[in-house]
Amino acid sequence: MQEDTGLWGLLVADLQRALGAGPDELTGVQEIRLRLGQKVRVRRADGERTLLLEWDEALMQAQLMRFTENSLYAYEEQMRQGFVTLPGGHRVGLCGRAWYSAGQMAGLREISSMNVRVARAVAGVARAFWPMVVGGGRVRRCLIAAGPGVGKTTLLRDLARGLAEGTAGIRPQNVGIADERQEIAAAYMGRAMLPVGARCDVISGCGKAEALVMLLRCMAPDVLVTDEIGTAADACALRDALNCGVAVLASAHAADYAELLGRPALAELLLAGYFERVILVERRGGALLPRAVYDENGERML
Amino acid sequence: MTGVGTISVLGAGLVMTAAVWAAGCLAGALNMRQKELASWVLAVRLLGREIAWGAEPLPRLCARIGGQVGGVAGEFLAEAAENGQNKVLMLDMLQKKAEGWHLLAGDEMVLAELLAGLGQTDLAGQKKLLGQMEARLGALQEESVGRYARLARLIKGLGWCGGLLMVTLVI
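If you read the protein sequences in the order shown, they are chains C and Z. Letter by letter, the first sequence follows residues 1 to 302 of our numbering. Letter by letter, the second sequence follows residues 303 to 473 of our numbering.
In short, the hints are calculated from the structure, not lab data. Misleading hints may appear alongside valid ones.
Pairwise CB distance ranges (calculated) [stated by the list, open to error]: (1) Z:G459 <-> C:S101: 55 to 63 Å; (2) Z:G440 <-> C:C206: 54 to 62 Å; (3) Z:A407 <-> C:C95: 21 to 29 Å; (4) Z:G356 <-> C:D240: 23 to 31 Å; (5) Z:Q397 <-> C:A102: 35 to 43 Å.
Some chain Z residues near chain C, calculated using beta-carbon distances under 8 Å [stated by the list, open to error]: (6) G350; (7) R351; (8) A357; (9) E358; (10) P359; (11) L360; (12) Q370; (13) G372; (14) G386; (15) Q387; (16) N388; (17) L393; (18) L417; (19) T423; (20) D424; (21) Q428.
Each residue gets a CB set at the ideal place from its N, CA and C atoms; glycine is no exception.
Just chain Z, same shape as in the assembly:
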């Protein structure tokens, strides 16, 4: 192989590696988003069920559910319970914590809406709010699963193409 040929192979290889790496990063983020949304959906579902049973105040309820759920939602709820479930503090906390999460602006908006309404109404209002939020977060989670699956297919395709390209160039 001539010097020019070697450089071409290396260049193509680098480009392909960079493309796969970027797609991998994106897939990682999407995977995390999917997990984070799943954790929130589970937390909201449990809140919805438990809130109807015994009407336990939020700080105690969230501390309990936070311990059961795990993930980002579990951590958030446990911490929010320590702050007494204050609405303003919770919204501040969401803003700070969301920087380290992989959620999109739309996901955060739904969570902000949820936190702003949590505990602010009677039992019927809370059940309605949590039901709506569960449905909306569930839809977002489904969408994230679909997006992740599409990206996974893309990466797989890129991998195949890259491999074929390398083989062709080497030959």
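Next comes chain C alone, as it looks inside the complex:
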């Protein structure tokens, strides 16, 4: 798969030289790790490669300004959450020294590491999950759980796309996506950079709880999709949605069902039977597969 040249154009010249001849060098790249005082590391599916380029403060500053269109203030809110979304849906995770204003974290200064995660939409990863997500001609209320980096967001995106495009075996659905961290649709300038389907409405950069309420009130969705739920406010908004007869697809970080129950906000929803299916996901040989499925009573089905 050939990458778009957008990301290549955003890299500083030194990094471009270290990577190689041109945009094709980004083919298959999953992550570029840039850490102060360390060599640049590039991760592909087949392993990690260390480049000769040592990353210094000047490069870090120049790269940060490139990623933020020379407008740090415009990315302030995203940086406060530790990331910057780039055109093309690529995402840059940031680490540095946090600073506080009026008792609240106001942002990151002295950026020490960046992780450039190359966005790649993988169509068809949801194939194995349709029997669990769709049943009786409707979409079930599902919680998708897995550890970090397994592909929960990729799966959610493909599920949303399938439902919105009508390829899920039921009539096409109006899908509302609450994309707080701009990972599902990777909206940039108001346009989804990753394919989420023709009948999708996306609210991005806004707290999940607020976004879910707005979608419910204004967009009349058939299905709501949201990522990484975990707080009491998220759970409360989800409960509202679930009580409105809207199907919900949500994801959460957890390696198994017991970990989900260990999180109070989620446990409340699970024990009340709000989710008809809890699907634990694993990656096997590059494919996403259901590892375990639980019903609304917490009984393991698979």
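Based on these hints, arrange chain Z on the given structure of chain C.
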């Protein structure tokens, strides 16, 4: 009138014309400076207001404001937007463009300070910077208006004096 008298009248006339012409050139330059500063003040004021609303990245913001403002600041911002608002490129551009402008070294210094700080900080920092720059450019503009008015009075005075001198010499 004798030959010597004619030469005196012509000489005085030439001197007066040269003085008025030089003062006129200076007044023209001052007038241009005044307009250029006014264009920058307006641009900075708009940047300050718009930057607080929606936190739009500079290249897009400047392209939009450049189209609204016009004048040297508008042209500069539109061109800077095409260059992606890179600080180094903008400072280079300022140096080159300023040769064709009528700004003084002090005015250019303020602009260089503005361009060096644009986009480099968070929203609060940007608002503070733009507020300060608007105030400083505004003060420079006021000073240029005062200077232009004084020069205009001088030229008017010179014109009257020249006219009276010519009349006296001719009589």
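Each hint tested on the structure:
no.: 1; hint: Z:G459 <-> C:S101: 55 to 63 Å; verdict: holds, 58 Å
no.: 2; hint: Z:G440 <-> C:C206: 54 to 62 Å; verdict: violated, 37 Å
no.: 3; hint: Z:A407 <-> C:C95: 21 to 29 Å; verdict: violated, 43 Å
no.: 4; hint: Z:G356 <-> C:D240: 23 to 31 Å; verdict: holds, 29 Å
no.: 5; hint: Z:Q397 <-> C:A102: 35 to 43 Å; verdict: holds, 40 Å
no.: 6; hint: G350; verdict: violated, 12 Å
no.: 7; hint: R351; verdict: violated, 14 Å
no.: 8; hint: A357; verdict: holds, 5 Å
no.: 9; hint: E358; verdict: holds, 6 Å
no.: 10; hint: P359; verdict: holds, 4 Å
no.: 11; hint: L360; verdict: holds, 4 Å
no.: 12; hint: Q370; verdict: violated, 19 Å
no.: 13; hint: G372; verdict: violated, 23 Å
no.: 14; hint: G386; verdict: holds, 7 Å
no.: 15; hint: Q387; verdict: holds, 4 Å
no.: 16; hint: N388; verdict: holds, 6 Å
no.: 17; hint: L393; verdict: violated, 12 Å
no.: 18; hint: L417; verdict: violated, 11 Å
no.: 19; hint: T423; verdict: holds, 6 Å
no.: 20; hint: D424; verdict: holds, 5 Å
no.: 21; hint: Q428; verdict: holds, 5 Å
In summary, the numbered hints that this structure violates are 2, 3, 6, 7, 12, 13, 17 and 18.
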